[in-house]
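We have chain A already, so just place chain B on it with the hints.
So the protein lines, in turn, are chains A and B. Residues 1 to 412 (the numbering used here) make up the first sequence, in order. Residues 1001 to 1412 (the numbering used here) make up the second sequence, in order.
None of these hints come from the bench; they were simulated from the model. The reader is advised that the hints may include incorrect statements.
Claimed, not checked - Below, computed lysine to aspartate or glutamate pairings styled on EDC-like, alpha-carbon distance capped at 20 Å:
id, chain 1, residue 1, chain 2, residue 2
1, A, Lys198, B, Glu1045
2, B, Lys1198, B, Asp1237
3, A, Lys342, B, Glu1316
4, B, Lys1157, A, Glu390
Claimed, not checked - Far from chain B by the CB rule (all over 12 Å, computed), these chain A residues:
id, residue
5, Pro363
6, Leu381
7, Lys384
Claimed, not checked - A partial selection of chain B residues facing chain A, derived with a Cβ cut-off under 7 Å:
id, residue
8, Asn1010
9, Glu1011
10, Asn1016
11, Val1036
12, Ala1041
13, Thr1072
14, Tyr1212
15, Gln1221
16, Glu1287
17, Gly1302
18, Ile1310
19, Pro1358
Given the structure is predicted, the values throughout are model-derived calculations rather than measurements. By construction, the Cβ of each residue, glycine as well, lies at the ideal position given by its N, Cα and C atoms.
Protein chains: 2
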Amino acid sequence: MNAEIISIGNEILCGNIIDTNANYIIKKLKEINLTVQHISAVGDEEEELVAQLRQAFQRSRIIITTGGLGPTEDDITFQSIAKAFGLKLVKYPEAEEHLIKTLTNISIAIAPSNLKQTFLPEGSHCILNPYGTAPALILEKEGRVVAALPGVPLEMKHLLPEQIIPFLQKKFPNLKQRESKIIRTSGLGESVLNDKIKTFILSHQDLNIGIYATPEDIQIQLNALADTTAEAKTMLDEATKQLKGLLGDYIFGYDQDSLEGVIGDMLREKGLTLAVAESCTGGMLGEMITAVPGSSDYFKGGIISYSGEIKEKLLEVPAILLREFGEVSEPVARAMAEGVRKKCNSSLGIGITGIAGPAGGSPEKPVGLVYIALADDKQTLIQKYQLQRERQIIRLRAARRALNMLRLYLIN
Amino acid sequence: MNAEIISIGNEILCGNIIDTNANYIIKKLKEINLTVQHISAVGDEEEELVAQLRQAFQRSRIIITTGGLGPTEDDITFQSIAKAFGLKLVKYPEAEEHLIKTLTNISIAIAPSNLKQTFLPEGSHCILNPYGTAPALILEKEGRVVAALPGVPLEMKHLLPEQIIPFLQKKFPNLKQRESKIIRTSGLGESVLNDKIKTFILSHQDLNIGIYATPEDIQIQLNALADTTAEAKTMLDEATKQLKGLLGDYIFGYDQDSLEGVIGDMLREKGLTLAVAESCTGGMLGEMITAVPGSSDYFKGGIISYSGEIKEKLLEVPAILLREFGEVSEPVARAMAEGVRKKCNSSLGIGITGIAGPAGGSPEKPVGLVYIALADDKQTLIQKYQLQRERQIIRLRAARRALNMLRLYLIN
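Chain A with its partners taken away, still in its complex shape (with noise of 0.2 Å):
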């Protein structure tokens, strides 16, 4: 039981928009246990789109297209969907009513160009679009479904959801039961990570494992096929269970945990408040706690302290510290979290301190180091990183560290 999407539209192909639409769509399905096996990006072009079309009939039960549904003449997934399994196009009065009524209620004319939009394969059902003027329809033919949406994200997060995933579930009510779960780990590099696990894996074939790394984290994606819900379910706590044995506080949560979110509850939790220096991150470390909803509750705020006399002014880390040691040192990180957890007032302070490149790096002091400091009433803990590559890569991998570090912290 295999689905395919079909993402039309040049926009694609010439690079100026990146297709998001087809991972909201495979999320959604994977709700209902459907797997994507194809995704294919085709212009606005209806030879090669009806030759796409055949080929997903072919492969696939289901196709989801997106995009292509407008009024201008870049818009041909309606005619090429009746080409592709030759149907006439007939008009669909109720799709004409809708859009005359949504025009007129926005007091826009009716261009000629809309009325497109009304001719759909004879024989689809004509899904109406109250976010939109584009119908969407869903097409049943040799027991396939193909359904063709709105390109627009907003009205296909719509439509999707409210008209084509309960179509398919009635369509098809005995789909074998998928369950996921996805564990985050933070702190092991990809390659020592896999050999970690290396034993666990092939000691689970019945489970499909991937690791797949991001700037964010390390994932493992644990998925299981059963019979049953409750099976699929027990396979993932026996194996969530093994993976948390060989992996301890290297796993920081599971499936849509973040690593600020769950440092956040576990501040919120006991009592905790914390305010982050930054020099090289710029913010960026701020940036990533306040995107969690509810961090007022835990995060006090901080201080960019971009420049050397920033340092001194508003954290008051001792001059004489930035001249011996310099602004990216171990004695300078100390005093930032100190500072700002001071400043502050709060129950804890980071400091991060480093050069992010690509000038500003020596011998003794490359592009890429870093030191972090956290502060607490008692102590103050340092790290430091030799990081790689490139400017974005290095902040963003500092304030990850330092996200890592905060949590470690919070554990123990």
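Relative to the frame of chain A, chain B by itself:
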């Protein structure tokens, strides 16, 4: 002369990541006048990938794959290419040398699984990868070129322009000349922009023109195809002049310009310095400004005043203003901008205060309400916005509005 991209990896089909590599490759190929006709995403399944490679070979001259070059069992690109085209896998000694050297340099033990990365399909050009351990490859066969690149964006973004593009240029010297230009605008909504340049678009049938909205800006992309580069460039220059006449200061830059980069250049040029006081954006504005290399020339730093306490303590916002008008108000935004300017001793100060949501809104002050203040030595300007949608979108838009407000101030 068409190209096609195959993105390999379960993480895409599982919805864990969005494929941004394809978009980058498209843009780079465009620069050498190659267009992409197909993008496909396949999982880490040898059978699927072999089928996709064979199909690509039928319809495309240039095939670029990303992903699947790592050391784990999931990584099947080389073996799939070998199988698809009937080639043996042979050891490449230079790949092995490079692997050993790279891992030794960062003191990581060589795992047996790493050695998999040293076997390539016979007859490939082995492209050593200074940014990682996995080599890339170029395979020439029956007039086609297959290039297999790492999926890690950083590695791919080096190897493509440094190795693959020059190879393609040498191999295919007689392509029609295509030139593109991106006009970047800020401050106008997409439909208003579209209306403003509708006539321009209609009178330029010779150019391929698209309007693309991202959270950062709204771009107008112009593509000109001509027999010589000079002709294509002339067409673009002429069109750009016309657009400048129509849009004026809504245009902030071209091609790879960024709002923060353009602002940075102006600040540096005028010898001005900047500090920021951020509440709801939590450090995001500082992070954007400091993403630009060399921003230490003009950016002093700032204060993340996430709580009222910090606004009062560190920014010296008078308690009476906080009490009478609330944290999210014009007087407080003003005091934040003026306070951070004074505290950081900078030419300019920006203050942002707002309700990012989802909680915290009220009928008088709904979620999305944001005040942005810009203070210099003579006066303080204020803008009030009612932004829509979600927390991260509201924060992002607030930060972009602040940057644009600063830009327009610097222009006038």
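Now the hints, each set against the structure:
For a cut-off of 20 Å, the pair hint linking Lys198(A) to Glu1045(B) stands: about 19 Å separates their Cα positions. Between Lys1198(B) and Asp1237(B) the alpha-carbon distance is near 19 Å, which keeps this suggested pair within the 20 Å criterion. With a C-alpha separation of about 16 Å, the suggested pair Lys342(A) and Glu1316(B) falls inside the 20 Å cut-off, and the hint holds. A distance of roughly 12 Å separates the Cα atoms of Lys1157(B) and Glu390(A); the hinted pair therefore holds under the 20 Å criterion.
Residue-level check passed: Pro363(A) sits 16 Å from the nearest beta carbon of chain B, beyond 12 Å. At the 12 Å boundary, the C-beta of Leu381(A) stays outside the reach of chain B, the nearest C-beta of that chain being 22 Å off. Chain B leaves Lys384(A) outside its interface by the beta-carbon criterion, the shortest separation being 15 Å against a cut-off of 12 Å. Interface hint at Asn1010(B): satisfied, since its Cβ lies 5 Å from the closest Cβ of chain A, which is below the 7 Å cut-off.
Hint on Glu1011(B) holds. Least Cβ distance to chain A is approximately 4 Å, under the 7 Å limit. Taking 7 Å as the C-beta cut-off, the interface hint given for Asn1016(B) holds, the closest approach to chain A being about 5 Å. With its C-beta approaching chain A no nearer than about 5 Å, Val1036(B) sits inside the 7 Å limit, and its interface hint holds. At its closest, the beta carbon of Ala1041(B) sits 4 Å from a beta carbon of chain A; the interface hint therefore holds under the 7 Å criterion.
For the restraint placing Thr1072(B) at the interface with chain A, the shortest Cβ-Cβ distance is roughly 5 Å, inside the 7 Å limit, so the hint holds. This hint holds: Tyr1212(B) has a C-beta 4 Å from the nearest C-beta of chain A, less than the 7 Å allowed. Interface restraint check: Gln1221(B) against chain A, minimum CB-CB distance 6 Å, threshold 7 Å, status holds. Hint status for Glu1287(B) relative to chain A: holds, with the closest Cβ pair at about 4 Å, below 7 Å.
Look at Gly1302(B): its Cβ gets to within about 4 Å of chain A, closer than 7 Å, so that hint holds up. Interface restraint check: Ile1310(B) against chain A, minimum CB-CB distance 4 Å, threshold 7 Å, status holds. A distance limit of 7 Å between C-beta atoms decides the matter here; for Pro1358(B) the minimum to chain A is near 6 Å, and the interface restraint holds.
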